[in-house]
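Note that the protein sequences, when read in sequence, are chains A and B.
Heads up: the first sequence at position 68 corresponds to 68 in the working numbering, and the numbers run straight through without jumps.
Heads up: the second sequence at position 65 corresponds to 1065 in the working numbering, and the numbers run straight through without jumps.
20 Å max Cα-Cα, derived PhoX-like pairs, lysine-lysine: (1) Lys1008(B) <-> Lys112(A); (2) Lys8(A) <-> Lys1112(B); (3) Lys72(A) <-> Lys1112(B); (4) Lys1072(B) <-> Lys112(A); (5) Lys74(A) <-> Lys1112(B); (6) Lys1074(B) <-> Lys112(A).
Label-pair restraints from in silico Cβ distances: (7) Asn14(A) <-> Gly1094(B): 28 to 36 Å; (8) Ser1056(B) <-> Gly16(A): 17 to 25 Å; (9) Trp1012(B) <-> Glu113(A): 13 to 21 Å; (10) Arg1011(B) <-> Ile25(A): 23 to 31 Å; (11) Ile115(A) <-> Asp1039(B): 19 to 27 Å; (12) Arg57(A) <-> Asp1015(B): 16 to 24 Å; (13) Lys1008(B) <-> Gly68(A): 28 to 36 Å; (14) Gly1048(B) <-> Thr27(A): 23 to 31 Å; (15) Glu58(A) <-> Arg1122(B): 40 to 48 Å.
Chain A stretches covered by chain B per the calculated footprint, using a threshold of three residues with CB under 8 Å from any CB of chain B: (16) 3–11; (17) 69–80; (18) 88–102; (19) 108–117.
Note that these hints are calculated values from the structure, not bench results.
We treat Cβ as the ideally placed atom computed from N, Cα and C, and that holds for glycine.
There are 2 protein chains.
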Amino acid sequence: MNSEAWLKQVRWANDGLVPAIAQDISTGRLMMTAWMNRDALAATVDEGRAIYWSRSRECLWRKGEQSGHEQKVKEIRLDCDNDAILLLIEQVGGIACHTGRESCFFQRLEGKEWIAVDPVIRRPEEIYRDV
Amino acid sequence: MNSEAWLKQVRWANDGLVPAIAQDISTGRLMMTAWMNRDALAATVDEGRAIYWSRSRECLWRKGEQSGHEQKVKEIRLDCDNDAILLLIEQVGGIACHTGRESCFFQRLEGKEWIAVDPVIRRPEEIYRDV
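Can you build the whole structure from these sequences, using the hints too?
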């Protein structure tokens, strides 16, 4: 499966990865960015949920496998250079970030300082309680 | 300037880069993703317009320097891992992509094929006529 034309068309970097961005399809909120390799993209299409490549753990990472905060994939887009992927998703639980915030992009530059400006919706201790 | 704390807080990869995503602040449309190094981020803040690092040309790339399609930066965000940047921008001319489309993410996966689904607003020959 992973030698199919649509997978070959993606310009995977030397490390086999491209950035993948998840955007909430209903609110437009940019939720997170992570990385995908061929297997991650193929599995994402296959399962209809966001599956990334974890660079730290060096394995496929089914988003929400621990937290329950899955991302249901509604649409997938590729950019003009074929080297970045956009997932339009439904965020289960309304939380994408491991800190318990809606979006991972919760730090805003104010003057010369990054300030956490978004609220924690659910404490991580609660989210990952049963792991 | 580039040794300041807010710049050090970003987790630049070994090649000195992080992905930078530009999102239209009024429509929420994801316009493009590119790369930034320290100098690019510092210059972006300094000049109030998106300035990326061009990996192909190996120099700072003032978005719109040829096309006029600058990106006025209204807000800058950093993600939870400090390794991805989000620019909330005003897109001058309403066109971010060098193909003359609004967004670089104009290819949608339909079945097992990437299809260009967004219209060309202005032909590249017109955009880059005077370069």
